[in-house]
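2 protein chains.
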Amino acid sequence: MSNVTPHWIAVDWGTSNMRAWAMSASGTVLAEARSDKGMGALARDEFEPELLRTIGDWINGPTTIVACGMVGSRQGWVEAPYASVPCPALPDGLVRAPVQNPDLQVHVIPGIKQTDPADVMRGEETQIAGFLALNKNWDGVICLPGTHTKWVHVSADEVVSFQTFMTGELFATLSAYTVLRHSFGADGWDDAAFLTGVEDAMSRPERLAARLFSLRAEELLNDLSGAAARARLSGLLIGAELAAAKPYWLGQQIAVVGASKLTKLYVDALAAQSAPATQAKGDAITIAGLTAAYRRLKG
Amino acid sequence: MSNVTPHWIAVDWGTSNMRAWAMSASGTVLAEARSDKGMGALARDEFEPELLRTIGDWINGPTTIVACGMVGSRQGWVEAPYASVPCPALPDGLVRAPVQNPDLQVHVIPGIKQTDPADVMRGEETQIAGFLALNKNWDGVICLPGTHTKWVHVSADEVVSFQTFMTGELFATLSAYTVLRHSFGADGWDDAAFLTGVEDAMSRPERLAARLFSLRAEELLNDLSGAAARARLSGLLIGAELAAAKPYWLGQQIAVVGASKLTKLYVDALAAQSAPATQAKGDAITIAGLTAAYRRLKG
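Protein sequences, first through last, are from chains R and P. Quick note: the first sequence uses the working numbering, first residue 4, plus one each step. Quick note: the second sequence uses the working numbering, first residue 4, plus one each step.
Calculated from the structure, these hints are not laboratory results. All C-beta atoms in this analysis are idealised placements derived from N, C-alpha and C, irrespective of residue type, glycine included. One should not assume that every hint holds.
[As the list claims (entries may be wrong)] Computed beta-carbon distance windows for the label pairs:
| hint | chain 1 | residue 1 | chain 2 | residue 2 | range |
| --- | --- | --- | --- | --- | --- |
| 1 | P | Leu137 | R | Pro279 | 57 to 65 angstroms |
| 2 | P | Arg184 | R | Lys284 | 28 to 36 angstroms |
| 3 | P | Ala175 | R | Ala189 | 22 to 30 angstroms |
| 4 | P | Gln78 | R | Ala195 | 28 to 36 angstroms |
| 5 | P | Ser206 | R | Ser206 | 33 to 41 angstroms |
| 6 | P | Val163 | R | Pro279 | 43 to 51 angstroms |
| 7 | P | Arg56 | R | Arg207 | 42 to 50 angstroms |
| 8 | P | Lys267 | R | Glu202 | 36 to 44 angstroms |
| 9 | R | Val32 | P | Lys267 | 31 to 39 angstroms |
| 10 | P | Val7 | R | Ala44 | 51 to 59 angstroms |
| 11 | R | Ala195 | P | Ser206 | 28 to 36 angstroms |
Given these sequences and hints, build the entire structure.
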């Protein structure tokens, strides 16, 4: 039997993994757990068993659980329909997931959609709510780097508009499955090559498609190193994203929220465009967002 | 025993497959054979056995074989070092491949490289030579669509400069390995969606990175069909390529050479930019190029 007795449990359940935090009444984290069974690996009736397998020893009586992420998608535990922009980052309408265990009360946070241009988010809305909970009255643009990076215009505590870029997935896919994989070596990084890539893509974004094969040719003909090739590709893709997202960030207050390594690349790339950005760590922000949802629920 | 007795044999040996043609003295094709063992599937000492397995029954005494493509790369049967632009599409310097069978004389056509911007081709030089053999005194730009599409500036029978785009590989990779695969369905095509994609990418090329995830979101929110999503992605990628390749094709005589379906997409996309292009079928062009190399060899 566990000696962790949470007041409630916060869960971030994405496509590829799940993380859970045992929370105290005062909002501190008592314990953390994780599972590599993300939404993508689970059928609808497998979510509850997987949750209990991961954090069952935290359950000692009726327990409130607040969850965000792809757990609320159509393929997830229960569909939490999208709210539409403009809306608060935490709109009303948490959805109860069906459970067998009578001690569990699982509330799933809805995602947010935008009709034109068409776009969706699930999970990021909770990070946005967390950032706003920690930074009262903040207006500006929040960038959430990841597999599908989001740029979000926030004003008066509402999500006004947003746009998703597949930059992280593009980088992973190009690195793993195309001819470029031969040029990338196993590891390594080159900061100068990254910034060169950003600068190239920002200054001539219409030439991005021409620059990809050059990485391979420069390795064949000019001995471009694997570290430089990888970093330059990252720079080209993030630079292309910054070029396309310019209407979002130009002249705005900017916060970049996420895992520290990728977040730093975005902050560096923005700095090279004379656009200073605040950097915020992902976990604390997610927990703050789940906490805000819990308090609203109990409020 | 075969009743095919070729005067010589033409071979196009790429990364993923090999095709061979038994040629008469007058330059007609007597028979065709193919193997799915491309350069990527063969070690250096496996090329000759694979060739004999595929066309061994055409060999009845000393036989000249002329081959183009990745067979001449560092990982191929024998390395045929790149010629440098500017140079004839068929530069001097065919390289003999090492053989065990004394009846075989295998000549491999070198590729072409460009130092700045770094770029390489292998195989396409033979198609260019074939196109020029069939179209005397042709000056202009040749586009060779494929996994790695080439744009080639040709003047006075020389390759002046060229640029490679990974458009075909990008389309295949995005379709197979990213979240977009969920939106593409099994098959189908939508001409109007293709041209919309081309137009979008041409008119605002800096926004390409923003448009990819929209295909997924429009399927989720607006029921964009799989056929339309696939065709629009193709249009976006080809449009981005046309935007980046504009210095090549703008105001030039244009020929598009290759397999008919993909070739037609490029011709259609160029036509939408008021840039008429000649369409040329790939096989006849390749054979004409190999024939030009054979005649030079025997000349």
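Verification of the hints:
1. Between Leu137/P and Pro279/R, the C-beta spacing of about 59 angstroms keeps the proposed range 57 to 65 angstroms intact.
2. Checked against the hint of 28 to 36 angstroms, the C-beta distance between Arg184/P and Lys284/R comes to roughly 32 angstroms, which is consistent with it.
3. The hinted window of 22 to 30 angstroms between Ala175/P and Ala189/R holds, with their beta carbons roughly 25 angstroms apart.
4. Taken as a hint, the range 28 to 36 angstroms holds for the pair Gln78/P and Ala195/R, whose Cβ atoms sit roughly 30 angstroms apart.
5. In this structure the hint that Ser206/P and Ser206/R lie 33 to 41 angstroms apart at CB is violated, the actual value being about 19 angstroms.
6. The hint said 43 to 51 angstroms for the Cβ distance between Val163/P and Pro279/R, and at roughly 45 angstroms that hint holds.
7. A C-beta distance of roughly 49 angstroms is found between Arg56/P and Arg207/R, which places it inside the suggested range of 42 to 50 angstroms.
8. Checked against the hint of 36 to 44 angstroms, the pair Lys267/P and Glu202/R passes, with Cβ atoms roughly 37 angstroms apart.
9. At roughly 59 angstroms, the beta carbons of Val32/R and Lys267/P sit outside the given window of 31 to 39 angstroms.
10. Roughly 55 angstroms separates the CB atoms of Val7/P and Ala44/R, a value that falls within the hinted 51 to 59 angstroms.
11. Roughly 34 angstroms separates the CB atoms of Ala195/R and Ser206/P, a value that falls within the hinted 28 to 36 angstroms.
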